[in-house]
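Dock chains B, C and D against the given chain A, drawing on the hints supplied.
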Amino acid sequence: MEQFVMNFTVTNRLATTPSPRVCGVVSSGNLEVLVESGEPEDTCRIDVHTPAEGFRDIWSAVLRDFVERQPVGGVRITINDAGATPAVVSLRLDQAIDFFRSEKP
Amino acid sequence: MNVKPINYFEASARTRIACLVDPESFTEFCPPELRHISPHLVRLNAPVAFDDGVMVGRARLAGHPVLIASQEGKFNGGAVGEVHGAKLRGLLDKALIERPVAVLLLVDSGGVRLHEANAGLIAISELMRAILRTQSAGIPVFALIGGSCGAFGGMGIVSRLCTEVIISEQGRIGLSGPEVIETVKGVDEFDSRDRALVWRITGGKVRRALGDATRLVGDDIGAFRAATAELLDKHAGRPLNSSDLDDLTAAHSNLSIRAQRYDTARDGRIIFQEAGFTELESVALLPVDDFNRQLEGSP
Amino acid sequence: MSTLFDRLFDSGHHAVTIDGEFLSGTATVAGGEAVVIGTHNKAAINCGLALKLADAILAAVREDRTLLRPPRTIVFLVDTQGQELSRHEELLGLNGYFAHVARCCDLARSHGHRLVTVIHGEAVSGGFLAFGLMADRVCALPDAQVRVMDLRAMSKVTKIPYDKLVVLAEESPVFAPGAENYWRMGAIHELWSIEDDWGICLASAVTRAGSEDERALLGLERGGRMLAAPIAALVAAA
Amino acid sequence: MNRPSSQPATWDREKQNYQARLARGAALASGRKVSADDIVRLLEAVIEPGDRVCIEGNNQKQADFLAKSLARTDPALVRELHLVQSVLALPEHMDLIEQGQVSRVDFSFSGQQAGRLATLVEQGRIKIGAIHTYLELFGRYFVDLTPKVALIAAQMADRDGNLYTGPNTEDTPAIVEAAAFKNGIVIAQVNEVVEKLPRVDIPADWVDYFVKAPTPHYIEPLFTRDPAQITEIQILMAMIAIKGLYAEYGITSLNHGIGFDTAAIELLLPTYAAELGLKGKICTNWALNPHPTMIPAIEAGFVQSIHSFGSEVGMERYIAARPDIFFVGRDGSMRSNRAFSQVAGHYACDLFIGSTLQIDLAGNSSTATKGRISGFGGAPNMGSDARGRRHASPAWLRAGREARPHAVMPRGQKLVAQIVETSREHMQPAFVERLDAWDLAESSGMELPPVMIYGEDVTHIITEEGIAHLLRCETPEEREQAIRGVAGYTQVGLARDRRMVENLRDRGIIRYPRDLGIDKRMATRDLLAARSIKDLVLASGGLYNPPKHFRNW
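If you read the sequences in order, they're chains A, B, C and D. 104 is the number that my numbering gives to position 104 of the first sequence; each next residue is one higher, with no gaps. 179 is the number that my numbering gives to position 179 of the second sequence; each next residue is one higher, with no gaps. 212 is the number that my numbering gives to position 212 of the third sequence; each next residue is one higher, with no gaps. 255 is the number that my numbering gives to position 255 of the fourth sequence; each next residue is one higher, with no gaps.
Pairs of lysine-lysine residues, derived as DSS-like cross-links and limited to a Cα-Cα distance of at most 25 Å, are as follows: (1) D/33 <-> D/182; (2) D/548 <-> B/185; (3) D/68 <-> D/33; (4) D/212 <-> D/68; (5) C/159 <-> D/370; (6) C/159 <-> B/185; (7) C/42 <-> B/185; (8) C/156 <-> B/185.
Just so you know, the hints here were simulated from the structure itself, not pulled from any lab data.
Chain A on its own, in the form it takes in the complex:
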């Protein structure tokens, strides 16, 4: 198991504070993404828990691109991974943030 946290500073911030949302399922080659409101409001904090060790560079590239696509601050994202490919991780992150934004506070 590898665990690490990455913080990204962004300019956009959420106007509302939606309820937490979880997206995806922890199963082989897949992952779950939990999105919650968090502090500070200019930061997107991402916690990763993954069983595959030694892929931190790839994770940071995937997450960096995600934050570039979806620059949302005041958000805390936690990932429980079970060996998902970068493609699946990106797709799930996009879905999760979409769901989260559409959620009422």
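Below, chains B, C and D alone, put in the same frame as chain A:
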């Protein structure tokens, strides 16, 4: 594009709840953001889930208040560990306080989670007692079965303790999985790769024909919802009578008759035959409605 | 078997018949008559055996009710390697037969019978769920073997190295075989030693058998199952 | 003038040898018919040391009883054989090598035996001539690898020895044609002996012996892909393929590989492609096995014709009921033919698309991994430009124009696409600097690294990131960056030159989903025309009868 029904089989546990109950009516107890993960999986370096593979909560279905649990079959085969089991048990404890029209268990589980096998086994035993206690208090418990893991191991026993069992033809109920039987007893005893046979032994149709399931529905969450709503209507306002000695004596006699009648049976074909089906090869492909009609029309 | 009976029951007073792997009869426990229902020879429980167990429980309830006498204690003598693995049993719906046994236990409990389990051999997985674990109080003899799966098989299925499992089993009772582990987790109430007077132990177990399921609290108290009780309480209070 | 040597020339030594073999076999046969009990002795009688032997078998149908029987012959009598056959798929094929009966092999594909074969090669117990493509091997049957003994599989024989090979005709005609007309012995195993055949696929006078096998020959349901296992990523890639490649070039004639990636495309035709208005404009004529996942597209009227290499278990009744689509005999059952379908795939199709395990920076792709000698079957024939092609089609011409914009002589180009997710599970990259094929060639003493499709033939790479139009690249550097540009988060992808990739994107050489107007969120399983095997059965009107281990009801 035409709107397709949402498959129960491949939907996630969350989607099942969302599509089964009245819109926006679900409140989750112990939700993922509380992060009650399994410390035992962590210790074994295995992936964890924030809900430990089961969500529990309160909702309405066709207006009826229900308590509901949904197991995620894709997470560790829906297997029951300490936290997972405690959530289920807690839900049944809550039923005594809230007195819903029914407790719905969306079962999708291979049974005990091996990573925490002792805790899982005990949890299932506690769940069994809790279900019996809930029923004694007049509250029915429904099992809904149609996921990829079916209802096996301890969850197979739990399902058969339920008041009503709604199953799809993709659903399965059993005790030991075919792979386990094949591994221990050999391929001649049970060829687990012969999926058609597997379903003739444990699948929804054969379980319905035997009476182990009270409703057979199509693989569509809407169909599960309709069947559940109908059964909730039936139970609403009429507390369950707890089983007495006569009920169990009658049940005992039925099970004895079944064991005698099928004392050498090793294939569900004989059960379809006894249930009055004539074209045995086509039972598997028979649409659910036709199957139900033929079954209920038979003596 | 009779050595066991002699040690368990008052002054060796018992009338238990052995029918294959199935045991049934009566014996004196704490000065009163108790019903004895059991399995031996590491029975693989199938539909037939499950029916015999259920039948014996129902018969005890029926007799006491018919004779209008106080419900007798029922002693379960458990020795099972688990459920029988067979296509035929699955087709019959073995899980349903096990559920039926559980219902019968519950009926007996609600009629005032005290249910005490004594594990005198193995207590494994589904067999134990069906027969033994549903009692009010569960006691294990010194050589009792209680488990779901042994560590080698578990290692194969979970793909966690065996050596690692052995080490981790030292720290936590949650997955490794052993009556001691089940004691710590609250599912076995008493571990009897070889020196104990099992007759006195059994009599005391009957007195202490309560009809509420407090195993989760016991597991918390004994430090073996720290989450079951609080999580269940959290959900119930939500 | 010098007279030739006094010895008169003999021109029928092979024929005499053939007759001598028949004479030795005569006692063990009644006419052409041999009983299963005598087959081992018959093989010992008619086979001579050093013979080239073909045991018919492709990745589907197998002459398994004859293979088993050959493995039971006495290695003192039956030895130094040279196997010349499509596939080394059965354990018996390896047993023959281990027992010392076979000393040399020429083949196309080894599938399940790839690991064992690699071990035997490393131990020096077998010599591999070459790992061919199917067409190449069939070709050599008529030049320098003609089988002396052909052990073939048919469904039925009549009493005279006429054979019905039925839907799984596959390789039989090519093998028999070579052996029977070049003094070879042809022995057929059949499932049944009947009074009258549904049709004659192989005439009796091309057959020397037939034997009724105790059990029907094995057929692997190789082309059945359960839609339940198709992932969202595969659906996204299928959307990119349909919109970015099929629609872009107007591809009507094509061949698909057998993976889930292409199964996803097949299941998106009646939904996604139909919505794009592509019905009748793409995917009308196929060289393809009867994939069950094609059923919804066929039923939706997308497809005009399918010619097949082999058949597929469970599809028989469906095929027979759709004679407008499939090549069906007068008897009502399909006729497949691997050689002809391979020719069709090579010369008559505008597109081949398939998956692979590894792609390097030049676009070379391979499914070879260390310790496994597996070969590629027909993929290299489908996945290469047919330089002999002389008929034009819009897709072919357009590809040619894009590949050679400055050429004076108009010429087309076959479209060859690789469709692959950038990483497999647990971050195993599909894009690599160096193919494992190099190591395999080294460790097995091969003259060529086993490359499935050469980079120069690959025109397109599709990943979940997008599509790279390699044929539009002008320099090898551009080609490398185009590959890196769709290689995602693999090391190859991360090392891309971002500026160059943006430039390629501006020029339409790399196109990402957003460039194609594809909304990634639409890539859900709801888009599949069938989500389970059962859906396929329903779509077929109950005609498709899936193999039992694919059913879950």
